[in-house]
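**Student:** Residue-level listing of the chains:
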Amino acid sequence: MKKILYSTAITFSALFMGSCGDLLDVNNDPSRVGGDAATLSTLLPSAERFTSTTQYGSAQYGAQYPQYLAGQTIGQFSPYGFDQLWQPFYTDAFPSLQDIINRAEEAGAYNYSGIAKTLLALNLMTVADIYGDAPYSQANQGTANLYPCYDKMEDLYRVHIINLLDEALADLAKPLPTVPSLRAVQNDLIYGGDLAKWTKAAKAIRARYFLHLSEKDPAALATAAQEAAASFGSFSEDLQLVYEQQNPNPWFGFLGNATNKPMQPSSYIVDLMSGRGGRFQGVSDPRLPVYMTRTSATQTDVGLTPGRIVGDQTNVNVNMTPTSWHTRAVAPIQFITYAEMQFIIAEALFNTNRAESHAAYRRGIEASMTKVGVPVAEISAYMNNPAVALTPATLTLQDIMLQKYLALFLQIETWTDMRRYQYDQNVYPRLEKPVINQLPGNPWVQRSNLADEEPGVNTCLPTGVTQTSVLWLFQ
Amino acid sequence: MMKYLFVLCMLIGGFHSYAQSRITGRVTSGNSKEGLAGVTVLEKGNPTNGVSTGVDGDFTISVAGPNSVLVFSFIGYITREVTVGNQQNINVGLNEDARALEEVVVTAFGVEQERKSLSYAVQQVDSKLIQETNQPNALNALRGRVAGVSIQSAGGAPGAGATIVIRGINSLNPSANNQPLFVVDGIPISNETNLTGGRGGDTFSNTNRFADINPDDIASISVLKGPAASALYGLRASNGAVIITTKSGQAGKTTFNFRTSASIDEVYRTPPMQDRYGRGSNGVYIPTEYRADGPPIPAGEPVYDQWDQVFNTGHQFQNNFSFSGGTEQATFYGSVGRLDQTGVVPNSEFDRTTVKIVGSLKTSERLKIDGSANFINSNGTNPRSGTGGSGVISYASRYAPDVNMLNYLNPDGTQIRYATQLDNPLFFAENAYQDESLNRIIGNMGLNYKLSDWLSVDYRAGIDYYSNQRRIVTRPTVLIAATSRGSISEQTLTYQEINSNLLITGERQLNENFGLTVSLGNQVTMINSTDVTGSGTNFILPDFNSVNNLGQYTVRSFPTERNIIGAFGDAKLNYKETVFLNVTGRNDWSSTLPVKNRSFFYPSVSLAYIFSETLGLSQNRFFNYGKVRASYAEVGKDAAPYLLGNYYSTQAPFLGVAGIRRSETIGSESLRPERTKGYEFGVELAFLGNRLKVDANYAIQNSVDQIVPIPTSRATGFTTYVTNAGEIQNRVLELVLDASLVKTNDFSWNSIFNFTRLRGEVLSMPEGVDVITFQPESPWVKQRIQTGGRPGDWYGWALSRVEDPGNTANGRLVIVNGYPDVNNNWRGAALAEDSYIGNAFPDFEGGWNNSFNYKNFSFSFLFNFRKGGYAFDINRRMRYGSAGGEAPTGAETELRNRLVVFDGVVNTGTVESPVWVENTTPVVLDVQNFYSQSFRYRLAKEFNGFQEASVLRLQNVNISYSLPKTWLAKTPFSNVTASVTGNNLWMTSPFVGFDPEQSAYGPGSNVFGYVGTNIPATRSVYFGLNVTF
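Top line first, the protein sequences correspond to chains A and B. So for the first sequence, our numbering puts the first residue at 9; every next one is plus one. So for the second sequence, our numbering puts the first residue at 5; every next one is plus one.
What the hints contain is simulated information worked out from the structure, not anything from laboratory work. Please read these numbers as outputs of a predicted model, since none were measured by experiment. Hints should not be assumed to be uniformly reliable.
[To be verified] Calculated cross-link-like contacts (lysine to aspartate or glutamate; reagent style EDC-like; alpha-carbon spacing at most 16 Å):
#1 786/B / 407/A
#2 871/B / 952/B
#3 205/A / 245/A
#4 580/B / 547/B
#5 372/B / 434/B
#6 600/B / 386/A
[Stated by the list, open to error] In silico negatives: residues of chain A with every beta carbon more than 12 Å from chain B:
#7 30
#8 44
#9 54
#10 330
Just so it is clear, CB atoms sit at the ideal spot from N, CA and C, and this is done for glycine as well.
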């Protein structure tokens, strides 16, 4: 009896005591790593893709406001909207970029921090242009601040974006790090580690920044032109991420290859490119068949009237397809381009240096066309058409902004341009409000609603936000 | 731990025996010659001197002398006292105690206890009731039978899972697993569901793993509802426990049993569809338009019913063969089961083969060994369904009535797609599906050693291992493959759980009045799982369904490990078999919590008092039994693995480069165990010599310090923060009435009624989080959890009505511009502000089972009911979006494109002082406005598919006939029974749509009330034959 008890006790305790520690110390996830295992060269490609996603997302949700595309209801209770952008920006792009900045500064790897600050500035400006006020100085602090308050759009512009851009340029100019493994930037999906190109990209973003800021500080126009001139030398230096067959451009799945296309090219852009628009009348734009595909035998291209639902208008015969330039599988997501720089110069110098303005206008069109593969002969024909060619004397702001509109097809920047001019028909002739708009009073949409994810989880929200309130920058 | 061993040693050391004269004898049952095993034989006045009788009823005991009195007691028998005198051999016959509640129920760790000694709520369901439903998923067989327990099936897809919730939702987390612990023959097994896409989506009606168990192998299922009952099982039983006892061999003649059944399964409830208008837009016929907004379909043109076309008849074939036998020393049981099922939509089938072998051996009077092995293989295929718009049911609900769904293939095998927005549901079913196979082994081995007459050691170890291969195919020919150009995911899920249970039990009659049972135990649980998925996109060849056929693919692996060590003690003290006190304590050590918090203790105490004994009522002809019981218990609960801190994970390669990123979830480094605390009060009464039994129970359970992933502002850099926060209380009233209404030799009628009323309440929320919203169907409806609310609270918009009791217009619709206004928008209420519109959980629910036996016939039927509670029909907005749906009355189709004047009032005054006048503005009910899902008033709860989901259902009817024994006398058969069973034969509900009791979110999810997208449940009629020989 005693023997049995004794052996039971031994077995019992051996079973328990012997295995106790080993059994319980198993709470490290074998499929993930801790923060100390992360490196700059593995964070960078993720951060670049995340930035591409924010740029795509902004354009996807915002494509109807500048009337590039049409087909979905514009309404205050549409389940889709810019709120889908909150997570790509704040949980994906921003923390990854900030992570790179922190680690790079600690390691003295200013080549990495310069790139990350450039991209962070671009992201932050995109967010500010869509939402106005947005979290920045209290953001990305994890559990240390669960309720980040929003920075004023004015502070984002006057303090944070420009600081990032200044620091980006400064970092990119600093000596390369001493650690051999950090000297060359690895896994840079955009420029392959070419810091000279990153410097030009930073200047391009500065040009866009100063153009925006000129709404408040007219003197910034000149700076914008200078920065633009110091940026890209040609469209081959554009800041963009090119996709691959295996990982197609997100437009490809959303519109290009989709059988069920929720949006179609709008009548505004189709008319403009067909010579039926407010300018360039009678000129067919050779980019039209590159940008979109005609789906019927009819020789006239017809776009969908803004406000109409896809399918409502049976004579619409153009669509985004797998062969359309922007919605191909291997198309780039363009963050900021040489063509945009030229139109910035054209706009900024319009009143001060008309000759250079006109030259930049022409360079912008040419770059836009060459980039998308329009044959040289067709480019010449288009450029030489009097309705396009114009002279410094006959050039109008309309021409610059409309050519910029065409060159920046499916980029969210155009929406900012339109709001800078408050959808002015003198700048964007024949621009009409959507025929059906569920926002009471059919106003022009000025900004995104508060991100849907925010109420209920953030106690520090701005109040009184509506889609029709004009952002600080555009007031 | 050593502390417990020490206590054990003290306990053992405390008893001595001092016997002098030796008595042998045998105890038999009544006047029969059959020996009674396990009868307690005690020397009166010397409670430490006692033995139990052996298998044949034999016993040997030493007593002080001739004046000693032996007390013979046994469950269900009248206790007898015999004075020893000069006898050295005493043979005693014990008479059955007709008064006792003879029921023995299985409680924690497989301990069988008399129901009368229980001080907490347990309800047991026997094999007959489980098998006669013919449900291949045994969980479904419990539906409507157990008070406090709610069971919902995920639908009618073959192999579809079912979800069980005991005493309400107790987590703030919409995607938390609220499932109880499942224990088979003393060893926990997995009831994981592994929903595709995680909890929160049920795309392929994946099964819950308890459904692997062959219902024919089950002897009984007992449900331990509250923490008091399940405290000994520890943290994994904090949602209760379902204890399954399987069949084992019976000593005696070897018997063979063969049971077969075949079924006819049909969808019994479909939403009404309009059949008047065909394809088109604004009344114009457009053959490529998916919406039914065209002109009226001309007379004579064919019109098709979408549901008739997409659904066909399903079948189940179940065959089970088992054998059982043995001797007093060794018994065995073996079974082979096979289920073949085809579903009601194309490309949907399931089969399951189970093999089970059970054996036990008594090597001596002291040592008993038993073991069992259960092998399960299942294979299934189901097309994609689920809450998104891309599913078989969703596509069918949007098909125009003038299109023949069955005509969907071109001669070259490509799809005839009449509109670019829709895939043909039948084509889709063949080209977007999941097939899976499962191999599972559940084995356990146990030994029981009697150290002495009163002390025994029970050790049991078991393993549950399964490997589940899943392949999700989305061919490039369907719309959802636009981005992927065809995708395949091949996933291998493995799960391994090893349990070791040691239980040492000492049982003594301390003296005439007090009996004590003390158990000490140790439990070690080791759970390992792996999830390896190879998935990719871009089909190379069109018809080659393998990951090897993909242009791009990645492999991901997610192993987990979770270990728990528990030590527990259980003391039961009874006073004169009248008052029962039970105290337990358990300490758990869990690997998933921070080191400083991973050890935690929780106690329970419960008391039962059979007052009818004290009052001497046991012979009372009207009221013969009464017991009250009360308990308090706590159960701790650990976290899921790897929730602490923050990790970085790798990303899929892009341009040949793979990056990494910080995970979106951050977990508190000081996470504490979550706790469930419960009070329970119950009463059991028996009347008319046990002909009517009442068991009522009221329980209050609080789940505090919940480990919840709190959604955070994305601007923190994270989407989710895991911490301890919040408290939910569930108050539940459970009532079971069991009446033996007629009991004669030839005829009996037994009726069991159960009733549950459950109220959940959120007592507190995580700091700073006002509300946790679950809103996949926003803006139509949202579910919100907030302080003071209940889990399952719905928010949305209602049509605006005049709220002015003094006004004659009070209660009438507010009309603006001819259309009804919503959410008081007329007086400036923002549409973003929702209001409470209802709750997903019923006011009360229950079931009523009746069994009749007349000679060789038996007949039973089970009704279940739920009153109140709302469900949102996801499918309805799809039907309406395509103008195919039909209002209940048909009035909307009648009115389409006509001018109507809404019956309501218009405000001609101001918002502050409104003046209501009759609405006279006619509006056209055109499809664009009237049916469009985004049209404002379509969003109102009155129109968007949000409806009351009360149900009265004839769940199960069974008729069987056994051939008279006299007929069988000269055959080798001892029993031949033929039966016809019907499930879901009839139901009534105000809900328009599919059956509202099928959660779209699948088993294991905490989300209830979203319905209408899964493959619907079926009405099944089974024809069965059972032969024993």
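**Student:** Is the straight-line distance between the alpha-carbon of residue 871/B and that of residue 952/B 16 Å or less?
**Tutor:** holds (9 Å)
**Student:** Are all beta-carbon distances from residue 54/A to chain B longer than 12 Å?
**Tutor:** Nearest chain B Cβ is 3 Å from residue 54/A, so the label is violated.
**Student:** Taken at face value, is the distance from the CA of residue 386/A to the CA of residue 600/B at most 16 Å?
**Tutor:** Distance of about 74 Å is beyond 16 Å: violated.
**Student:** Quick check for students: does the CB of residue 30/A sit more than 12 Å from each CB in chain B?
**Tutor:** At roughly 9 Å from the nearest Cβ of chain B, residue 30/A sits no farther out than 12 Å, so the non-interface label is violated.
**Student:** Is the Cβ of residue 330/A more than 12 Å away from each Cβ in chain B?
**Tutor:** violated (10 Å)
**Student:** Are the Cα atoms of residue 205/A and residue 245/A separated by 16 Å or less?
**Tutor:** holds (7 Å)
**Student:** With the threshold set at 16 Å, check whether the alpha-carbon distance from residue 580/B to residue 547/B stays at or below it.
**Tutor:** violated (75 Å)
**Student:** Between residue 786/B and residue 407/A, does the CA-CA distance stay at or below 16 Å?
**Tutor:** Violated: residue 786/B and residue 407/A sit about 48 Å apart, past 16 Å.
**Student:** If we take the beta carbon of residue 44/A, is the closest beta carbon in chain B still more than 12 Å away?
**Tutor:** Non-interface label on residue 44/A violated, nearest chain B Cβ at 9 Å vs cutoff 12 Å.
**Student:** Taken at face value, is the distance from the CA of residue 434/B to the CA of residue 372/B at most 16 Å?
**Tutor:** violated (54 Å)
When the structure is compared with the earlier hints, violations turn up for hints 1, 4, 5, 6, 7, 8, 9, 10 and for no others.
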